[in-house]
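Be aware that the sequence shown starts at 26, since it is given in the working numbering, and climbs by one per residue.
Rather than coming from a laboratory, the hints here were simulated on the basis of the structure. Built from N, CA and C at the ideal position, the CB exists for glycine as well. Careful, some of the hints might be misleading.
Label-pair ranges, simulated between beta-carbon atoms [what the hints assert, rightly or not]:
| # | residue 1 | residue 2 | range |
| --- | --- | --- | --- |
| 1 | A148 | D343 | 43 to 53 Å |
| 2 | R578 | G686 | 52 to 62 Å |
| 3 | S42 | K215 | 41 to 51 Å |
| 4 | Q74 | L124 | 24 to 34 Å |
| 5 | L146 | L124 | 23 to 33 Å |
| 6 | Q399 | A130 | 27 to 37 Å |
| 7 | A148 | Q399 | 39 to 49 Å |
| 8 | E216 | D288 | 30 to 40 Å |
| 9 | S569 | F735 | 27 to 37 Å |
| 10 | D343 | P712 | 52 to 62 Å |
| 11 | Q89 | S403 | 48 to 58 Å |
| 12 | S569 | K762 | 40 to 50 Å |
| 13 | P581 | E253 | 12 to 22 Å |
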Amino acid sequence: HNTPEAGLSQLYEALRSGHFQEILDQESAMHGHLHEGEIAYLVGLAYDQSGKHELALKAYEKAQVVGFLTPYVLFNGANACRSLGFSDEAIRLYREALLLFPGFAEAHQNLSHAYCDLGDLNAAERELRLLLRDQPDCHTAAFSLGNLLRDRKCFSEAIEAYRLCLEYAPAYPDAWNNLGLVYSSSKQLKEALACYRHALSVDSCFKPARQNLAQGLVQDKRHLDALEQFEFFYRLSTLTPSEKVIGFQGRVACLMELDRYDDAITFADADSSDRRLQLISRLHILPVLYRDDEQVSSVRRRWSDDAHELYGLLDGLDEQDTCWPELYAHAWSLSNFYLAYQMEDDRPLQELYAGILDRILRPRLGKFMQPLLQRDQSDQSPLRCGVISPHLNNHNGAIWALGWFEAMAGKSEYQIFSYNIADHEDFGTQRFAALGTYRHLPLKEGTAESMLQQIRDDRLDFLLFTDIGMHPASKVTSVLQLAPVQAQGWGHPITSGSRTMRYFFSGEGMEPPGNDGHYSEILYRLPNTGLNYEPPLAVHDGQSLYEAFDLPRDRPILNSLQSTFKYLPRNDWTFAEIAIRYPQAFIVLVGHMGSGGIANRLFERMQPQFKKRGLNIEEHLRILPRLDYGDYMGLFSISHHTIDTIDWNGGNSSMQSLSLGCPVVTKPSTFMRGRHTVSMLEMLDLPELIARDDDDYVDISVRLLADVKFYNDMRQKIVDRNQRLFSDQEVSIAFKKAI
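Could you put the whole structure together from the sequences, leaning on the hints where they help?
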């Protein structure tokens, strides 16, 4: 559209310079102008750049009416339609533009995006492939195709698309970064890290690649290297509040894995001069593994003091407060997960933290905190029930909930909605989707409102939260009112502390009289264990593990296969005491999911208990690497018995052990998280395996080792009775009646 007209030249220059008002000032004077159509087109572009897409669309229509019809008018009109959500009209206009200019690459790409908006991914992919067939050097189209294929989990094809992009644009950091993401999703971590580094060789300040490199190094358990990358990321000058919190959280998480608690506190205190930001930063800092009992107590006191002070300072907080954006970002990144592993009554602190979240989130999300009317009892329409989790996949935090919904699935009286509020999907997700309506709503700080509104628009009567506290998104949503009646289950067996959560569903066997006081919710006891649990699948008999992990065949193996953060220092002596009383026992634990240094520190922490008894710990206890499911089950098959973690029992693992006839010795504690296994043993009518106290716990384990008749009797009774634990339809029926 080059023109010798000086006036038009000035308008084009104004557009390039971002002086949009100079162009808009011409709108009222363009009628009857020799170049009225072209001026109308420029006005449309100015409105588009100013975010006024409706006015832009009217200007493009004006340009066409007066005869200025070009592919670019149609193209930008289509872009305005997409911005307004008119995807069908956008597709029509892109196609008209392509009739006038078949080689218009940007129109092909945006046409693909419009098909994506409508959910027609096949058509979107077809458009990009047709464009690349004719113009293989269109690197942006190859990049878009790679993104589409990555979203569709077609990873090998996505790699080809990104490689094509990089063939023509080797200095394109976005393509290197996204290629790294595909390699990461394909479990090719070495290749992923190389791609992130290549992106940074192009632009050392490219934030996505720096963040992904740091997080990839964490995944590779290279926490010291990851710390260095998070520190680099944190020093970048253009960080948004959300990015700043990501950098902060990454550094703190690495420091915790490296046992640098004091350094993390110092870092948090120096993070800001605003006391509120210092305090919420300090709430991130909880050790993964405690050095001794005193550290447990001192950390809890410090965390409690920080939370109380912060709650008071947040009174009257609003969005105009300069600290609010960063506080809001912290709220979306903090779960206080490790607080529960101090094994105390967490109700007061969880109620306090729910109050902190309320004060931070209310300025933005207050409309999702308003009470909702309960269903009219005379309403005969299907009961609309939902289940929500960031772990709505094959994850211990949520997969158990399928059994609760079993009595309702496929019944006309119920409509079931499943909400996956994180990124990951797998075959477990498909099982939840099969219950009814599935919605993938990966909640993020900046995009949450439309997704939360989607849940509200489904007009639920009841919503079950499976694992509050295992992920920041579950803590955020737990203080919102997304359904008139909300409840939580045992995926993370700690009270939410939230006023919006009405019920906590547990099991009779896990909740003796008096336990109601541990919950801010109304405690509802389902029958028996409270679980309708599928019989676990044994992949192999475990014989290969002897050689794989150099395990002794001539000694009884005792397993304790729990996450390392379940082991408090006060219980370390029990392992050494079993070993001194039955020296042939060989105890195996499993390593930490993060830094290998955590397992080493646990080993070193336990060592003095063995030394005090004149034992070499290496001859009696070993920490194995993390096991896949097959080997995990196989280890139960070759174990003499399982020694349950005191204070926080095995849940899924106790079910798995008992399913294979492997006895479990447990000692119940006050809280439900320390009573999982006792409920199972009571179902099996095996009080002999339930200890009265710590000494009795050791006695029972030693008796199983020394008394062959007793051991064989326990094992046979488990084999004969373990079907009582699984496929408990009574639980499913009771859950159905409860809601």
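Q. Is the gap between the beta carbons of L146 and L124 within 23 to 33 Å?
A. Since the Cβ atoms of L146 and L124 sit about 24 Å apart, the hinted range of 23 to 33 Å holds.
Q: May I ask you to test the hint 43 to 53 Å on the CB atoms belonging to A148 and D343?
A: Cβ of A148 to Cβ of D343: about 45 Å, so the range 43 to 53 Å holds.
**Q.** Status of the given 27 to 37 Å range, CB of A130 versus CB of Q399
**A.** violated, 55 Å
Q. Is 41 to 51 Å right for how far apart the beta carbons of S42 and K215 are?
A. About 46 Å separates the Cβ atoms of S42 and K215, which means 41 to 51 Å holds.
Q: May I ask you to test the hint 52 to 62 Å on the CB atoms belonging to D343 and P712?
A: Holds, at about 57 Å.
Q. Does the hinted range 39 to 49 Å hold for A148 and Q399 at CB?
A. For A148 and Q399 the Cβ distance comes to about 43 Å; the hint holds.
**Q.** Cβ distance range 52 to 62 Å for R578 and G686, holds or violated
**A.** violated, 19 Å
Q. Is 12 to 22 Å a correct range for the gap between the Cβ atoms of P581 and E253?
A. violated, 45 Å
Q. Between Q89 and S403, is the Cβ distance one that fits in 48 to 58 Å?
A. At roughly 56 Å between Cβ atoms, S403 and Q89 fall inside 48 to 58 Å, so the hint holds.
Q.
Taking 27 to 37 Å as the stated bounds, is the beta-carbon spacing between S569 and F735 within them?
A. Given about 30 Å between the Cβ atoms, the range holds.
Q | Whether the CB-CB distance between E216 and D288 falls inside 30 to 40 Å | A | With a Cβ separation near 32 Å, E216 and D288 satisfy 30 to 40 Å, so the hint holds.
Q.
Verify the CB-CB distance for S569 and K762 against the hinted window 40 to 50 Å.
A. holds, 46 Å
Comparing the model with each numbered hint stated earlier shows that hints 2, 6, 13 do not hold.
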